[in-house]
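Position chain W against the provided structure of chain F, taking the given hints into account.
One line per chain: the protein sequences are F and W, in this order.
Each residue of the first sequence is one higher than the last, beginning at 1 in the numbering used here.
Each residue of the second sequence is one higher than the last, beginning at 1001 in the numbering used here.
One or more hints might be untrue.
Estimated spans, in silico, between C-beta atoms of each pair [claimed, not checked]:
1. F:Pro71 to W:Glu1039: 28 to 34 Å
2. W:Glu1068 to F:Asp185: 54 to 60 Å
3. F:Ser37 to W:Ala1094: 26 to 32 Å
From the derived model, a few chain F residues whose C-beta atoms are all more than 12 Å from chain W [claimed, not checked]:
4. Ser81
5. Gly103
6. Glu127
7. Arg159
8. Gly165
9. Gly178
Incomplete in silico selection of chain W near chain F, CB under 8 Å [said to hold, decoys possible]:
10. Leu1011
11. Ser1025
12. Thr1065
Note that these hints are calculated values from the structure, not bench results.
Glycine included, C-beta positions come from ideal geometry on N, C-alpha and C.
As a plain string of letters, each chain reads:
2 protein chains.
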Amino acid sequence: MSSGIEALDILAEQFARLPGIGRKSAQRLALSLLEYSDEDIAAFTAAIGDAKAKIHRCPICENLTDREVCPICANPARDKSVICVVEDARAVMAFERVRSFSGVYHVLHGLISPMSGITPDTLTLRELLLRLQDETVKEVIVATGATTEGEATAMYIARLLSPLGIKVTRLAHGIPYGGELEYADEITLSRALEGRRDF
Amino acid sequence: MSSGIEALDILAEQFARLPGIGRKSAQRLALSLLEYSDEDIAAFTAAIGDAKAKIHRCPICENLTDREVCPICANPARDKSVICVVEDARAVMAFERVRSFSGVYHVLHGLISPMSGITPDTLTLRELLLRLQDETVKEVIVATGATTEGEATAMYIARLLSPLGIKVTRLAHGIPYGGELEYADEITLSRALEGRRDF
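With the rest of the complex left out, here is chain F:
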């Protein structure tokens, strides 16, 4: 959808690359930025640069953080013997909003999806296995979503961890099929956590 204004089309293309933004929305977003003051434009681009520069993965759980170690791993009150394995940082945020989980996380940064070229070795499974060498871990809760990729990844992890003799559980079926964790309501999410079962 060309506007006939090259700089506007380039900006709209940038917005259209973002998830969930169609071409018409992208053009609307690009046009709305043109109404910003120079200060607001500077604040927007600085926020992008800052986020990219300051945020990295926690060396323990692989969650995103702007600290050396993320606040959850650094919190002595969190139970280090229970690791909740999730797809991404958004899933961590969803669990943290519920406030019913006191363990720690491990962020996979993806789900196994051969169609999209996401194989087990592109996830943070090596890092998870390294964490499990420490004897403190008693339980791994595989909390991927109830999608095809989520369940395939959960099964893969269950098989991967079975020789280690650690209890591996998964969320109860309370999450509707096809539902993404981020959009689950708090009761559904905390019930799914409570009702977790052995593989």
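Structure of chain W alone, referenced to chain F:
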């Protein structure tokens, strides 16, 4: 919706300021940018800065352009005697996609909306009146949307231009193409009836 990561929350707030972006989408967009390479981040921020620096209003029609005068005003094939008055640059793009209008435009950059503090003097009506001092203009088509603000603005412009003796028209109102009568609302239907024409 705090993520516990300050730089991420600041970026998500920036996205949430944009039109049509809710807080959850904003966080999703902010997170997606963290997966960009440094080059992609640089391309995104450069596109924002470039669009802001290069795009300004055409001194004739007030439409957005990156040239001195916009390509439509600069085109000798366009009929300068017919001016189509529209709300914003997106309306110009919509008309240009149809390719059935050969005149020129005048972009108001808003619609009268006392609730939002948009009064007639914040629109480009002064610039429109200046253009009409030139005797070449024979017709002004007021092409604002069929919303409360669009119609109030159209009525205001019609009254403003009536002393000038220039023909002022507005877009036809009626049943949209493909629209079934059964689903037309009462106002649309009664306008379609009022505006009936001979075959």
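Notebook entry, point to check: Taking 12 Å as the cut and beta carbons as the points, is Gly103 (chain F) off the interface with chain W?
Noted result: Label holds. Min Cβ-Cβ 16 Å, cutoff 12 Å.
Checklist line | Distance restraint evaluation - Pro71 (chain F), Glu1039 (chain W), Cβ atoms, bounds 28 to 34 Å | finding: Roughly 31 Å apart at Cβ, these two residues keep to the hinted range, so it holds.
Margin query: The output says Ser81 (chain F) does not contact chain W. Does that hold with a beta carbon cutoff of 12 Å?
Written below: Ser81 (chain F) clear of chain W: closest Cβ-Cβ about 22 Å, beyond 12 Å.
Checklist line | Arg159 (chain F) remote from chain W - nearest C-beta pair above 12 Å | finding: Non-interface label on Arg159 (chain F) holds, nearest chain W Cβ at 28 Å vs cutoff 12 Å.
Next item on the list: Check the following: the C-beta atoms of Ser37 (chain F) and Ala1094 (chain W) are separated by a distance inside 26 to 32 Å.
Entry: Once the Cβ atoms are compared, 27 Å apart, the range 26 to 32 Å for Ala1094 (chain W) and Ser37 (chain F) holds.
Check: With a cut-off of 8 Å, does the beta carbon of Leu1011 (chain W) approach a beta carbon of chain F closely enough for the hint to hold?
Finding: holds, 4 Å
Checklist line | Outcome of range test on Cβ distance (Glu1068 (chain W), Asp185 (chain F); 54 to 60 Å) | finding: Hint holds: Cβ distance 55 Å, inside 54 to 60 Å.
Notebook entry, point to check: Holds or violated: is there a CB of chain F closer than 8 Å to the CB of Thr1065 (chain W)?
Noted result: Nearest chain F Cβ about 6 Å off; hint holds.
Item checked: 12 Å cut-off, C-beta based - Gly178 (chain F) kept clear of every residue in chain W -> Fine: 18 Å to the nearest Cβ keeps Gly178 (chain F) off the interface.
Next item on the list: Verify that the Cβ of Gly165 (chain F) lies farther than 12 Å from every Cβ atom of chain W, and report whether the claim holds or is violated.
Entry: holds, 33 Å
Next item on the list: May I ask you to test the interface hint for Ser1025 (chain W) with respect to chain F, counting a Cβ-Cβ separation under 8 Å as satisfied?
Entry: holds, 6 Å
Notebook entry, point to check: Beyond 12 Å from every Cβ of chain W: is that where the Cβ of Glu127 (chain F) lies?
Noted result: holds, 18 Å
Hint compliance for this structure: no hint is broken.
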